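Asks: No gaps in the numbering here: position 127 of the sequence shown is 126 in numbering that gives the first Met the number 0, and each next residue is one more.
Don't read these hints as lab results, they were simulated from the structure. Given the structure is predicted, the values throughout are model-derived calculations rather than measurements. Among the clues, some could well be false.
With a straight-line cut-off of 25 Å between C-alpha atoms, the simulated SDA-like cross-links for lysine to any residue are [stated by the list, open to error]:
{"hint": "1", "residue 1": "Lys256", "residue 2": "Leu268"}
{"hint": "2", "residue 1": "Lys134", "residue 2": "Lys256"}
{"hint": "3", "residue 1": "Lys128", "residue 2": "Leu272"}
{"hint": "4", "residue 1": "Lys164", "residue 2": "Glu243"}
{"hint": "5", "residue 1": "Lys134", "residue 2": "Asn244"}
Have a look at the derived ranges for each label pair, beta carbon to beta carbon [what the hints assert, rightly or not]:
{"hint": "6", "residue 1": "Lys276", "residue 2": "Pro93", "range": "29 to 37 Å"}
{"hint": "7", "residue 1": "Gln170", "residue 2": "Tyr150", "range": "44 to 52 Å"}
{"hint": "8", "residue 1": "Ser103", "residue 2": "Gly158", "range": "17 to 25 Å"}
{"hint": "9", "residue 1": "Asn263", "residue 2": "Lys173", "range": "18 to 26 Å"}
{"hint": "10", "residue 1": "Ile81", "residue 2": "Lys173", "range": "52 to 60 Å"}
{"hint": "11", "residue 1": "Gly158", "residue 2": "Glu16", "range": "46 to 54 Å"}
Ideal Cβ positions, reconstructed from N, Cα and C, are used throughout, including at glycine.
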Amino acid sequence: MDQISKKIKMISEKLKELKNKFFHYEIDGYVVPKNDEYFSEFAKKDKLKTITGFDGSFGLAIILKKKNFLFVDGRYTEQAKIQAGKEFEILEIPKKLPYQILNSRLNLGFDPAVFTSRNLLYYFRNKVKLTSITKTIINSNISNNHTSKFYSLSPKVVGETVDSKIKRLIQILKKDRSDHIFISAPENVAWLLNIRGRDNPFSPIPNCRIIINTKGKVSFFSDIKKSSNIFKKKNFLRISFYKENQIKNFLGRLKVKKIIIDKNSCPVLLENLISSKFKISKIGDPLYLM
0 MDQISKKIKM ISEKLKELKN KFFHYEIDGY VVPKNDEYFS EFAKKDKLKT
50 ITGFDGSFGL AIILKKKNFL FVDGRYTEQA KIQAGKEFEI LEIPKKLPYQ
100 ILNSRLNLGF DPAVFTSRNL LYYFRNKVKL TSITKTIINS NISNNHTSKF
150 YSLSPKVVGE TVDSKIKRLI QILKKDRSDH IFISAPENVA WLLNIRGRDN
200 PFSPIPNCRI IINTKGKVSF FSDIKKSSNI FKKKNFLRIS FYKENQIKNF
250 LGRLKVKKII IDKNSCPVLL ENLISSKFKI SKIGDPLYLM
């Protein structure tokens, strides 16, 4: 059996394995994006490639009991047909969106850690029932398990100190009468704290998130092994470090009246938790404009 035949057989087996789980979760299908929980296009946890064979930088798969769809943009239609066309019907976004072709009676499962509320609204327009499934039901093939530590940049290189940036951010929080901000976009954390990482193959973005209050206290969530070396830096003395999976418990204990979040990068899993406990500011993450 040649390599192509082996890949096709492997994809077919993984699809069958996934569909066998539909009955247990009482769903009619499952939605798989390209991105990981940090919304990186080139994620090491590439579940879309695992379940479709497609390795372009953008795509969305919807696997139903008897039919499979792969949505890609115009750059990847031909590539998707070659890599996934045997098992999937290929559709081009934005010419076709999921809500336009799916039966409104369907109940689709999705991982709330890898979608934002805006993603779901764009794709489904509230016309399809969506069921949140927090358990991992697709195991991705991670090719590189090497842990590369984050590193900090000198203010001479980036042009502004961390303290200066945080002070400017705090002024925005106070003006908005928010007492906390949840910065969920790793690129914004990288800019604010003058740090970089090696979590993505084509960009020095560190996979991390932070919560800051108006007193300048920073709570940093990431793989501790990656962030341990910046813990000793003087610029980071007001930062407390936590494991990635501690963020839900941290938010559950947090005492907040009003908080700023970024709906472009805050996963549904965390947005729902935050909105159930706190008032959410309307301004969005101001770091995009700082």
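Asks: Now look at each hint and say whether the structure bears it out.
Replies: Verification of the supplied hints:
Between Lys256 and Leu268 the CA atoms are separated by roughly 20 Å; this keeps the pair inside 25 Å, and the hint holds. Using a Cα cut-off of 25 Å, the hinted pair Lys134 and Lys256 is violated, with the two alpha carbons roughly 31 Å apart. A C-alpha spacing of about 20 Å is found between Lys128 and Leu272, which places the hinted pair at or below 25 Å, so the restraint holds. A threshold of 25 Å between alpha carbons decides the hint, and for Lys164 with Glu243 the separation of about 24 Å falls inside it, so the pair holds.
Distance check on the hinted pair: Lys134 and Asn244 sit about 14 Å apart at the alpha-carbon level, within 25 Å; holds. Between Lys276 and Pro93, the C-beta spacing of about 35 Å keeps the proposed range 29 to 37 Å intact. In this structure the supplied range 44 to 52 Å is violated for Gln170 paired with Tyr150, their Cβ-Cβ distance being about 28 Å. Range check, Ser103 to Gly158: Cβ separation about 52 Å, and the 17 to 25 Å hint is violated.
In this structure the hint that Asn263 and Lys173 lie 18 to 26 Å apart at CB holds, the actual value being about 23 Å. At about 54 Å, the CB distance of Ile81 to Lys173 agrees with the hint of 52 to 60 Å. A C-beta distance of roughly 51 Å is found between Gly158 and Glu16, which places it inside the suggested range of 46 to 54 Å.
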